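With the hints as extra help, turn the sequences into a complete structure.
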Amino acid sequence: MKLLKLSISGVRGIVGETITPELAINFACAFGTMLASGAVLVGRDTRKSGEMLEEAVSAGLTSTGHEVLNVGICPTPVVQFLVKKHRARGAMSITAGHNSAEWNALNFINSRGTYLNEFEGAELLDIYHLSRFAQKTMGQTPRLIHELNPEEIYFSWLRSRLRVEEISRARFKVVADPCNGAGSKFIDKFFRMLGCELVAVNNEGNGYFPHDPEPRPRNAGEVASLVKATGANIGFLLNSDVSRVSLVTEQAETLSEEYTLPVVAAYYLKNHPGTVITNLSTSMMIEDAARKFNLPVIRTRVGQSAIIQAMLEERASMAGEGSGGLAMSDFQPAFDGFATMGIILEMMAVEKKRLSDLVKELPRYHIVKDKIVCPSYRLHTLVAEARKLYPEAQINDLDGLRISSREVWVHIRASTTEPLIRVIAESPVRNRAQVEVDKVMAFLTRMVG
Amino acid sequence: MRKQLPLKISVSGVRGLVGESLTPQIAARFASAFGTYTGEGQILVGQDSRPSGLMLKKAVLSGLLATGCQPVEVGILPIPTILFLTREKRARGAVVVTASHNPLSWNGLKFIGPEGLYLRASEVEEFLDIFHQGEFTFVHSNRIKPALHEKQAGRLHLQKILGRLKVRAIRNRRFRVVADCANGAGATLLPRFLQELGCQVLLMNAEITVSFAHQSEPSPENLKELCRRVKEFGADLGLAQDADADRLALVDEQGRALGEDMTLTLAVAHVLSKKRGPVVVNLSASMAIEDIASRYRVPVFRTKTGESNVVEKMLEVKAAIGGEGNGGVIWPEVHTCRDSFTAAGLVLEFMAESGQKLSGLAESFPCYFLVKDKLPCPAELAFRAVLELSHKYRAENVSTADGLKISWKDSWVHLRPSNTEPIIRLMAESRSKSTTARLIRKFKKEVEEVIKKIS
Chain A
2 MKLLKLSISG VRGIVGETIT PELAINFACA FGTMLASGAV LVGRDTRKSG
52 EMLEEAVSAG LTSTGHEVLN VGICPTPVVQ FLVKKHRARG AMSITAGHNS
102 AEWNALNFIN SRGTYLNEFE GAELLDIYHL SRFAQKTMGQ TPRLIHELNP
152 EEIYFSWLRS RLRVEEISRA RFKVVADPCN GAGSKFIDKF FRMLGCELVA
202 VNNEGNGYFP HDPEPRPRNA GEVASLVKAT GANIGFLLNS DVSRVSLVTE
252 QAETLSEEYT LPVVAAYYLK NHPGTVITNL STSMMIEDAA RKFNLPVIRT
302 RVGQSAIIQA MLEERASMAG EGSGGLAMSD FQPAFDGFAT MGIILEMMAV
352 EKKRLSDLVK ELPRYHIVKD KIVCPSYRLH TLVAEARKLY PEAQINDLDG
402 LRISSREVWV HIRASTTEPL IRVIAESPVR NRAQVEVDKV MAFLTRMVG
Chain B
43 MRKQLPLKIS VSGVRGLVGE SLTPQIAARF ASAFGTYTGE GQILVGQDSR
93 PSGLMLKKAV LSGLLATGCQ PVEVGILPIP TILFLTREKR ARGAVVVTAS
143 HNPLSWNGLK FIGPEGLYLR ASEVEEFLDI FHQGEFTFVH SNRIKPALHE
193 KQAGRLHLQK ILGRLKVRAI RNRRFRVVAD CANGAGATLL PRFLQELGCQ
243 VLLMNAEITV SFAHQSEPSP ENLKELCRRV KEFGADLGLA QDADADRLAL
293 VDEQGRALGE DMTLTLAVAH VLSKKRGPVV VNLSASMAIE DIASRYRVPV
343 FRTKTGESNV VEKMLEVKAA IGGEGNGGVI WPEVHTCRDS FTAAGLVLEF
393 MAESGQKLSG LAESFPCYFL VKDKLPCPAE LAFRAVLELS HKYRAENVST
443 ADGLKISWKD SWVHLRPSNT EPIIRLMAES RSKSTTARLI RKFKKEVEEV
493 IKKIS
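Residue numbers (the working numbering), protein chains in the order written: chain A, 2 to 450; chain B, 43 to 497.
Since the hints were made in silico from the structure, they are not lab data. All values reported here derive from a predicted model rather than from experimental measurement. Possibly wrong hints are sitting among the right ones.
[Unchecked claim] Keeping only pairs whose Cα atoms sit at most 30 Å apart, straight-line, the calculated BS3-like set for lysine-lysine is:
id: 1; chain 1: A; residue 1: Lys440; chain 2: A; residue 2: Lys6
id: 2; chain 1: A; residue 1: Lys6; chain 2: A; residue 2: Lys85
id: 3; chain 1: B; residue 1: Lys495; chain 2: B; residue 2: Lys434
id: 4; chain 1: A; residue 1: Lys6; chain 2: B; residue 2: Lys187
id: 5; chain 1: B; residue 1: Lys360; chain 2: B; residue 2: Lys451
id: 6; chain 1: A; residue 1: Lys137; chain 2: B; residue 2: Lys416
id: 7; chain 1: B; residue 1: Lys399; chain 2: B; residue 2: Lys434
id: 8; chain 1: B; residue 1: Lys399; chain 2: B; residue 2: Lys346
id: 9; chain 1: B; residue 1: Lys193; chain 2: A; residue 2: Lys186
id: 10; chain 1: A; residue 1: Lys186; chain 2: B; residue 2: Lys187
id: 11; chain 1: A; residue 1: Lys190; chain 2: B; residue 2: Lys187
Right, dumping it as structure tokens:
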């Protein structure tokens, strides 16, 4: 099966199968046709296919008359920040985030530095499908600028947003694993700025992924053993474009990526009370964290685009997902791994608590995630079929099906990035979530046949 | 008349109007087809100075990277230098983003094989099959290699030419030279080359700019400025490269443009005087070539127009020298490619060794008048029009190897549809100016009538 997923925030697939130079040029031309003339940023993570796509995208954007500002290997949140700084018309970030090395994706960012919203995304896809691109005849060589050290202004902005002095004074020892992705090298500068001692692993930035670049306990082995060996205060695991973070405590406990959002919320909401946005698949821990400050939680569709749109509409204080990606009103409306790591260190410094103590304050839930591969054209039909499992229940169908009772909630949805149906359940009761997931998976397996 | 088709895919590569027929998508597809054809390995990527070059180069890089080739960017370089380097570096091939003398709104891609030669007709056919079938061998992402940059590319080429010339003899003459690089890629190397030969150089149009200073075809009409400067500067000669720097036109010390065909005539005469061997030229090169060759009793082979045809024959007959009447000299001592640097070197060496002025050398050959003209004609009509005419003249001494060439005792006329533009090229040569002009007028009218009849 050839995998290609078009969604409003980007196009994703396996390089050489569906992600080809021509596809990338077509999408860049469509994006270039949609944007008013001006500069467009292009950045990428370290994947080996990144340069190929960067060249294709630059060709497409310049052919539609745009100036290209190439920031090279650069984390997506930094690209998003620079769009506004450079008053660019938009940006393309070439990264498949948490997907394995053979994948890549084009992510489209508007002039406000956020992922395209559903209207912009629909327009882009319309232009792409019509393939009527506003290609120019080129009387002049288009401007193509290579921006060196693009992160400088980003880090100096970040420094102004964090209580750097208090963090520095704490002299934290930090282990970080950027998975040889776009965060490599950038983390050296970042932790030096915060006065932390860094023990880095997989910090070569060579695009060779020693494990899938998905921040979750399964991939956190190296970080955990280094935390233990070096006596570090905390361990961070990043995805390939530094939009997601998962944590390892000073006791070398690998925390589920679900913890990142509630851990940050417990501190951030205290100083910045306001609405919290999350998606339908994220752990209930965030409700508990918000309830402490009597703050509402709004659940939206899954994906950075939907979450950030809701955050802006609701003027929310923070927004994030159980995947370890989150945004805060004091920073930028983007999933920003640097801001996330910064605020967690600030919390440890200000509250003078260890990470394991902060985690202990959160209620323990049992969350189970599973997935089943299914042809793209049957994804939504099958999800709808699963309704039969719950004839009596109240169902939230904003994004797939979400059924919640007092003791368990389950979310069945079609992935927007891969041809998969994801099934997630959570319960305070041990094994209860597993039972629920098993029930749904058995049903879906039968249906897929 | 139907709309003119602006994308030309031919033996010489692909050319089109940027933003209309020549898009980055097509460039990437061609590059992927080429990468599939050559297999994984190093591929040189060069360009000329056209404004659309950067955009198309990016597309080409992407297409090559995806097929697992390792592109080596050589930047803006003369075509002969890229051809030379491809062989020298043992690359799998090269892709050059250029439309040589076409107007600025055009661009194109040329494909070079591992021997440092343009793909032969049979190779082009294989490669185009891959393009048309669209089945490219994209590699797994972990086999994609990063692109490389070659900064010293020009030096190797110049060293090779200088090694084959009597450099000291040329240096001793301290020639005064006005060099017109037509704002093309030749400007990257010609000044250094002439300096090495001890020339005092006045450069014209040596900035690699977005717009060519004049029509880049080095025909006499485009060289007025150069002629004026040669007189002003009191130069021994003037050199005019085309934008690719594969062709060379000359201006003598009196400020007269010699006509592009004279470059080849001089080169052939000089090379044969040192080393006898077969001569290969195309059908539209001057009759003077036969006169010179008969002096040295060496055979002359005439081929279809197009560098690759001449080169193929030259390799086959082990020619001593060859080329095209448009100022493209091929001297196999350096490499079997049209090369304005070798051409300039040979002419300077000829002057140095003979001790004569350029005008004197030019006058020593039997006098012919060659005129080139063209008339617009849609691509799909051009071949039919030429075919019609060849029927009409079949009683004469006719060659239809490439368009139509009709030869009489002391004159000939040659009509051929262009491979790269929607035009028919028209050439005639005779012993007098008026006869040549009459031939041109006559055949221009006949072609126009035929086009009217069949369209």
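Exercise. Sort out which numbered hints this structure fails and list those numbers smallest first.
Key: 7, 8
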